[in-house]
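J.: Chains as they are written, first to last, in our numbering: chain A, 1 to 425; chain B, 1 to 214.
These aren't lab readings, by the way, just hints derived from the structure by calculation. Do not rely on the hints blindly, as some may be mistaken.
Said to hold, decoys possible - Pair by pair, the computed Cβ-Cβ distance ranges are:
(1) B:P86 x A:E53: 56 to 66 Å
(2) B:N186 x A:A60: 52 to 62 Å
(3) B:E169 x A:K415: 37 to 47 Å
(4) A:P200 x B:N186: 39 to 49 Å
(5) A:A60 x B:C188: 36 to 46 Å
(6) A:P353 x B:F28: 23 to 33 Å
(7) B:Q128 x A:L81: 52 to 62 Å
(8) A:P200 x B:P176: 25 to 35 Å
(9) A:H351 x B:D83: 42 to 52 Å
(10) B:P209 x A:D416: 16 to 26 Å
Said to hold, decoys possible - The calculated lysine to aspartate or glutamate pairs, modelled on EDC-like cross-linking and capped at a C-alpha distance of 20 Å, are:
(11) B:K27 x A:D420
(12) B:K197 x A:D132
(13) B:K201 x A:D132
(14) A:K150 x A:E86
To be verified - To spell it out: a stretch of chain A is covered by chain B in this simulated footprint if at least three of its residues, at any positions, have a beta carbon under 8 Å from a beta carbon of chain B; those stretches are:
(15) 52 to 66
(16) 211 to 220
(17) 294 to 304
(18) 318 to 326
(19) 352 to 365
Note that beta-carbon positions come from the ideal geometry of N, C-alpha and C, so glycine has one too.
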Amino acid sequence: MKKNKQKKLKINRRELLAGSASLGAIALSSKVGYSKETNQNNLPPNVPEWTGELGEGVDANPYGTPSEFENNVIRRNVEWLTASTESSVNFTPIQDLEGIVTPNGLCFERHHGGVSIINPKDYRLMINGLVDREMIFTLDDLKRFPQTNKFYFLECAANGGMEWKGSQLNGCQYTFGMVHNVQYTGVKLSDLILETGLKPKAQWVLAEGSDSSGMTRSIPIEKILDDCMIAWAMNGEALRSEQGYPARLVVPGWEGNMWIKWLRRLEFGDMPYMTREETSKYTDLLPDGKARMFTWVMDAKSVVTSPSPEKSILYRGIHQLRGLAWSGRGKIKRVDVSLDGGKNWQTAKLHDPVMSKSLARFTLPFEWNGQELLVQSRAIDETNYVQPTIHELQKLRGVNSIYHNNSIATWKVNKDGTLDNVRLG
Amino acid sequence: MFALVKKSLIFFVLLSIPNLIVADERKFNLGKIATKTEIAGWDIDVRPDGLGAPIGNGSAIKGEEVYAEQCASCHGDFGEGLDRWPELVGGEDSLDTHDPVKTTGSYWPYASTMYDYIYRAMPFGVAQSLTHDETYQVVAYLLYMNEIIDEDFVLNDKNIGKIKMPNVEGFLMPDPRPDIANVNGNPCMQNCNTPTKIIGKARDIDVTPEEEKS
């Protein structure tokens, strides 16, 4: 009898907890999940409350979701950046992630006309222009081609774009979070064109999305035949709608805007198409008023994800500094870390696997005893390119380029363990 | 009997020859041949040389009305851009200043891109709803507002590839990167000569979305 009563009480309490958890979920943007206080009753030598009862059975959650205590690990946007959320961007919470794989639900989003919802039965890929046979493929057709599985990073060309003139956003997520890294499953375009044939004059491909922005970019044929693919899966499951379900283009190492989502058409031609996104946008304005065009490759870059403005140092003593590095030109060869603003550097540990055009994870142990630090990281890729300082880039490109800011960031560790995004000069 | 064998042989040959050819050329025999009608519905891009421009025409005089109805609520009556929606007019001589204004007039290198983009993506949220004539009219209106054509100029599929935009020479190719000096893989490691004075803090700019720290 007493036992039953106890159980009932517990259930009620659990319901209450669930209720408050969902309230918490509504107020996600202002609440931090795991800042809840420690309950001494759950600590040794006591028996924790979850031990004395059964947990939920299988199928309580047929598609698993993260623990409720991780509900602060979410994509975030900067509202003042754009006029509408349908043509906007949010950021991957890289400060909260480990390893090199970005979970699908946390991959940053960049849409120009909102997220299209497409029934895969209604999906068609058209290939036309300078090919021997103009053709249409269904999604099932694409899945019957030889398959390829590859990890690649995808970075928006404007990642860090708000930081050209100075340190503006106080967060690792907001300044470096327009990047994600997943394993893609799909068909290489070099296999696909075995079916359509290719006319000798075909030098460019126009890739076109079927979303409300009809996103289009021109891509040179050499890149198309080298390593581009059409992907229908990421990290082992179908693409998420916001990443182009049911099929997107993958353009390894090149700016994210070219990775056309909801891909509906590839047109082969003999000159670039000069679409809005490669003329009006995604061109890099220089101080003399001229602009660089077709700057596709994402140069080597790295960032310390912890400690960072979102990841304060909470304890004195040993810590594991961690970060991410990547290069659109190949593999990361080395990452150096400085704790004194770039005067002295030590080489961090690179963790396996280090793959071409994929995020690489680095760590470095360090001691903190309440002193101020200026934390930086510097990537070197297999072409021996060294990640530059912002001053080097400014000297060459001014401050109005918007795109391709791959410079070294500085996090200042304050005496209280909080961190600031700062500019040195 | 012979006749039947012969007939069926011919039938077999007729069937198999194209099959053989197709199998030979198409490695996997997947997908289907697209019809001209199917392609026409989706092949909407317009190139700088005018290739792909659909038959149609429009002038700025007619375009003013379409613009007022379809575009002005976001881009403003004069293309000045409301809220954070893009400016479409003006900005000449601003590209080399601290505050560059990139509009169709000051920045866009090709009129074809205006047609292509407006037809495929505008009005925002009602994509591909303008007729071809309406699209020519709106493009003509914007070109007129940017003082590139006269108000009675009739823009059409034949001449859209010939419009000379003010900033057509404003773009540099090919990509000169890696443009930095340090490509030797061997940067300074100790006592490096680099400025370490703090000259700016994001916290002071105070535009970061508010949130409790973890």
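J.: State for each hint whether it applies.
T.: Hints, verified against the model:
For P86 (chain B) and E53 (chain A), the hinted distance range of 56 to 66 Å is satisfied, since their beta carbons lie about 58 Å from each other. Evaluation of the 52 to 62 Å hint for N186 (chain B) and A60 (chain A) yields a pass: the beta carbon distance comes to about 56 Å. Taken as a hint, the range 37 to 47 Å is violated for the pair E169 (chain B) and K415 (chain A), whose Cβ atoms sit roughly 54 Å apart. In this structure the supplied range 39 to 49 Å holds for P200 (chain A) paired with N186 (chain B), their Cβ-Cβ distance being about 44 Å.
At roughly 56 Å, the beta-carbon separation of A60 (chain A) and C188 (chain B) lies outside the given 36 to 46 Å, and the hint is violated. Taking the beta carbon of each, P353 (chain A) and F28 (chain B) are about 31 Å apart, inside 23 to 33 Å as hinted. A beta carbon spacing of about 27 Å between Q128 (chain B) and L81 (chain A) contradicts the range 52 to 62 Å that was offered as a hint. For the hinted restraint 25 to 35 Å between P200 (chain A) and P176 (chain B), the CB-CB distance of approximately 29 Å keeps it satisfied.
A C-beta distance of roughly 45 Å is found between H351 (chain A) and D83 (chain B), which places it inside the suggested range of 42 to 52 Å. The hint said 16 to 26 Å for the Cβ distance between P209 (chain B) and D416 (chain A), and at roughly 22 Å that hint holds. A hinted pair counts as satisfied when its Cα atoms are at most 20 Å apart, and K27 (chain B) with D420 (chain A) does not qualify at roughly 57 Å. Under the criterion of a C-alpha separation no larger than 20 Å, the hint pairing K197 (chain B) with D132 (chain A) is inconsistent with the structure, at around 62 Å.
Distance restraint check for K201 (chain B) and D132 (chain A): the Cα-Cα separation of roughly 58 Å exceeds the 20 Å cut-off, and the hinted pair is therefore not satisfied. Proximity of K150 (chain A) to E86 (chain A) is assessed by CA-CA distance (about 29 Å); at most 20 Å being required, the pair is judged violated. Taking a C-beta to C-beta cut-off of 8 Å, the segment 52 to 66 of chain A contributes 0 residues in contact with chain B, too few for the three needed, and the coverage statement is violated. Residues of the segment 211 to 220 of chain A lying with their CB closer than 8 Å to a CB of chain B number 4, which satisfies the three-residue condition for coverage.
By the rule of at least three residues with a Cβ nearer than 8 Å to a Cβ of chain B, the coverage given for the segment 294 to 304 of chain A holds, with 5 such residues. Coverage of a stretch by a chain is defined here by at least three residues with a beta carbon nearer than 8 Å to that chain's beta carbons; for the segment 318 to 326 of chain A and chain B the count is 0, and the condition is violated. A stretch counts as covered by a chain when three or more of its residues have a beta carbon under 8 Å from one of that chain; for the segment 352 to 365 of chain A and chain B the count is 0, and the coverage is violated.
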